[in-house]
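*Asks:* Now for the letters of each chain:
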Amino acid sequence: MAEGAIHDLKYKRYTGGRGNPWLRALVVARWAMVLQLRQRWVKVLFGLGIIWATVSILKLAMLSLFGNSGLGSAASGLLANLDREVGITAIEAQQGPTFLLVLACGAPALAADLNAGAFQFHFARPIGVGQYLLGRLLGSAGWSLVLSYGTFAVLMSVRLVLGGEALTVLKTAALSAGPLGLRVLAMTAVALGLSSLTRRKGLAQAMFAGLVAGSWVLLFGVARVAHKPWLEALHVTGSAEALGDMLVLHRRFGGWYDAVPAVACALWLGLGLGVAAWRLSRAEVVRG
Amino acid sequence: MSEPVLELKGVSKWYGPVLGLRDVTVSVGVGVTGLLGPNGAGKSTLMKVLTGEVSPSRGEARMLGRRVPSEEVFRRLGYAPEIEVFYEELTGREFVTALARLGGLDPARAHARAGEELERVGLTAAMDRPLSTYSKGMRQRTKLAQALVHDPEVVILDEPMTGLDPLARAKVLDVVTDLGKRGRSVLVSSHLLDEVETMTREIVLLYQGQLLAQGNVHVIRAMIDRHPHHVALECDRPRDLGAALAREPWVVTLRFAGEHRVELETRQPDEAYSAIPRVALEKGVKLRALTSPDDNLAAVFRYLTAERKGGTAP
Amino acid sequence: MQVRVQGVTRSYEGVTALDNLSLTIPAGRTALLGPNGAGKSTLLKILLGLTRVTSGSVEVLGVDPQTDPLGVRARVGYMPEDDAFLPDMTAVELCAYGAELAGLPPNEAVERAHAALFHVGVDDKRYLPVQGYSTGLRQRTKLAAAIVHDPDLLFLDEPTNGLDPPSREEMLSLVADLKDRRGCDVVLSTHLLSDVERVCDHVLVLSAGRLVADAPLKELLGRGDGRYLARCKGDAGALSRALTDKGVAVTPGGDAAGSTLLLALPDGDLDVVWRCAVDTHTQVRHLAPKANTLDETFLKLLE
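Protein chains in written order, with this note's numbering: chain A, 146 to 433; chain B, 236 to 549; chain C, -10 to 292.
Don't take each hint at face value.
Claimed, not checked - Derived, one-sided and incomplete: chain C residues facing chain B with beta-carbon distance under 10 angstroms:
(1) S30
(2) C221
(3) S248
(4) L251
(5) D260
(6) V262
(7) V267
(8) R274
(9) P278
(10) L291
Since the hints were made in silico from the structure, they are not lab data.
Since we're looking at a predicted model, the values are computed, not measured.
The C-beta atom is built at its ideal place from N, Cα and C for all residues, glycine as well.
Here chain A stands alone, though its shape is the one from the complex:
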């Protein structure tokens, strides 16, 4: 009988499959989210988002309970619409935290890639600009999406459990789920577009914060003063929010202006990704 064995440690070639290239966008997104968790700010902001969500949830729970017990007659107007209002609450619940998260994760993403030579790393591999950009979009928006949809799911459940009318709540959920995600994605796309223009992370973040906050002040201010509410729907995140208002609360601007939210949202998404794709397609993989 043999008393032992010598194993062949020779190099083994890979013979398995390589999957669909578009699945690699998910690889990019997953790794990006894992790496983001190592930054203290991302954890802090995520925690902040959970606190924020808790406040919204408690508010909703209280309103629901008061409404059920009939004590909240003062707010009866609001209560009548509560099942639909919960959709808008869900869309807007994470306004602050998701903005900060995209500022922390999305705005510096491509600038940091440019700095470290990550374009060379990626595009020498079997991944194209489309897959990479989709991966960066999902990766940069990832934690914001988790936070948004998490809050959304809890809010809807709370309302369902605490006396909402099931059909109305589910309909609201179905209508508000889209604008909720679009809001984060449009914001992230803009962040990536700006990020691709520079290799300085700080500058990319400043540009993003400046654009989102600056245009907010401007558009919302003018909308109020000039009594042209559709102006708000031109904003990066305002567009998806207005789309939510329209779908869930049937708020209208009237005439052609009703198209503003959807068009603006698509425009921001397209513009951000378009700029980023244009910059990426010009990235030099082989220099010399």
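Position chains B and C against the provided structure of chain A, taking the given hints into account.
*Replies:* Same frame as chain A, but now just chains B and C:
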């Protein structure tokens, strides 16, 4: 050596816990001086201390008799750093012209000088293309042109040969030796002794942030002699030559390799290299080649590293 | 036959980078040489499917990178000259990520990441972020990342740039080993011709977008032509004069200290040199036939 042009007195530099230079005192005169050392030896740090880009943690740096950083000295200095700082959308000529303007030249003169220097480094055809289209070798030469455009007295070049093809290397070599001949002071770093030896014999040798040797290239060669040498001899009758050499007191080990080769190790290189031809001639052995893998700077670093690790040299 | 390029022209913005270029890259270790602007980078871009040809056809491992760039890049590796990393990643993560991007499943990717880093000798530092690495370690990590997805063909762009001699020697051994240990063919694009002499067995030289040489390394180097290189300790002047007196043609060897000499000794009898060395008390530290170096061949080709 005449009046020192560049001088460091007891300079140490730490970057946080990382040591860049340790108590380096060195002075450099007119002509070309090679700054040698393996990666991480502190060459770039030493150059940055001289240009005033970083201030030493201890000690002082002087250039042309003045303490750096000094505005006046700065204008008489040309510096090509290792890192790349370019405005990618500018053309080579625009970039060098802009830096010449910063160096105090008037617009017309700056433009003309930029053209001259870019031509000298062999970028005549490319100088009106944007820098973003330049290869690494072309960027290296643009940095060199930029350093020379205001005709400085002192020139500091950090690894100017890296990434160059043989044609470009010959160009840069010409430019550097020419500067030396015109009485400029040039400090040029490299990690390859061969490369430096084609430019100058004055050498400053750094190792782990310390000054290991300075002076004529022969001083460096002498340091090489402090370590054992392996010598390989190709000849027609290796057995006879080996037998004769084995009687010499400076031979430590001796072995035969193949039909026509004898290899020996010695700790007294001077004796060995003097005696080998004599013995071969006496015995009538036809010696066809003599080579040693240890007669170079790389071997010294190898021994130093091995000593530090407490191991034996290869 | 790993690569076949047939009548490829590539021009943009009025500049012709490749001019009706045809070449094949055999299995083994091939050097791709040429001065700056010869078209090497453009060729690499085309082979990796990163840019299109203006005319002509290309095949890499039997696949056309024009129509299936991802298919080609799944089977080739590319090690860029500059740093190509991701912020905040450790070497293991970087390699595992690289393998996953080439379509390997996550578990397989991690295993292969460790194997590749083991191969290149990145040991205890592999769990630390790459930003803190030395040049040598970064270069090795780049090599590991380029081979982690088990490519059949590897393109290396200046792999020893900026390395000091010991690290350079190790990098070259690793590259030379790839074929034997992993069955991976290698294309080395470099300016350092000594690297080519050390690693490659076939050489392609481009100049101004055309192929000017395509030959086995041995053929390009040729045999010695009776020229010998001598290096002495100190000044070689005395030896030089003594040899000139004996009728040997002596020229300076090119170093600033004047300690090297080029000797013409067509009959290969060196006794005259040894005799003069003993007589003038000059130590000869090196004396061997001076083969055509690739440097010289290269410069001649480009004239």
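*Asks:* Each hint should be assessed against the structure and marked as holding or not.
*Replies:* Now for the hints, and whether the structure bears them out:
no., hint, in the structure
1, S30, "holds, 7 angstroms"
2, C221, "holds, 9 angstroms"
3, S248, "holds, 8 angstroms"
4, L251, "violated, 14 angstroms"
5, D260, "holds, 7 angstroms"
6, V262, "holds, 8 angstroms"
7, V267, "holds, 5 angstroms"
8, R274, "holds, 5 angstroms"
9, P278, "holds, 7 angstroms"
10, L291, "holds, 7 angstroms"
The structure fails hint 4 only (numbered hints given earlier).
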